[in-house]
Amino acid sequence: MQSLPSPEDARFGHPLTLRRPPHLLPPQRSSVYVGVIVAGALVGEKVVNQGFDSMWASNNKGKLYAHIVDSFPEPESDE
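For the sequence shown, full-length UniProt numbering gives the first residue as 1, with consecutive numbering after it.
Any given hint could be a false lead.
Claimed, not checked - Per label pair, the in silico range of CB-to-CB distance:
{"no.": "1", "residue 1": "Ser58", "residue 2": "Val36", "range": "29 to 35 Å"}
{"no.": "2", "residue 1": "Ser77", "residue 2": "Val34", "range": "55 to 61 Å"}
{"no.": "3", "residue 1": "Tyr33", "residue 2": "Phe72", "range": "51 to 57 Å"}
{"no.": "4", "residue 1": "Val34", "residue 2": "Asp70", "range": "30 to 36 Å"}
{"no.": "5", "residue 1": "Pro73", "residue 2": "Val38", "range": "48 to 54 Å"}
{"no.": "6", "residue 1": "Phe72", "residue 2": "Val48", "range": "30 to 36 Å"}
Simulated from the structure, these hints should not be mistaken for laboratory data. Yeah, the Cβ is synthetic: ideal placement off N, Cα and C, and Gly gets one too.
Based on the sequences and whatever the hints tell you, model everything.
So this is what it looks like as structure tokens:
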């Protein structure tokens, strides 16, 4: 005799499908969960840092040393 599917199987299908609600997607092992959190924090920090750096550079265009270094004369050599 075939058993009936549980309500969880009927709602969400196979446990590895993406149809599961987001709160049920975290991994079962703590080491994987911590690794995902740390990797996400590192990637997020890099994205935010680059975003603010580019915003800072665009707001200060022509005022930063990197933008005006070519306007200074070359030092004369004593040779």
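Quick rundown of the hints versus the structure:
1. A beta carbon spacing of about 33 Å between Ser58 and Val36 agrees with the range 29 to 35 Å that was offered as a hint.
2. Between Ser77 and Val34 the Cβ separation comes to about 58 Å, which falls inside the hinted range of 55 to 61 Å.
3. Take Tyr33 and Phe72: their Cβ atoms lie about 53 Å apart, and the range 51 to 57 Å holds.
4. The hinted window of 30 to 36 Å between Val34 and Asp70 is violated, with their beta carbons roughly 48 Å apart.
5. About 49 Å separates the C-beta atoms of Pro73 and Val38, a value consistent with the hinted range of 48 to 54 Å.
6. The hint said 30 to 36 Å for the Cβ distance between Phe72 and Val48, and at roughly 33 Å that hint holds.
Hint 4 from the earlier list is the only one contradicted by this structure; the remaining hints agree with it.
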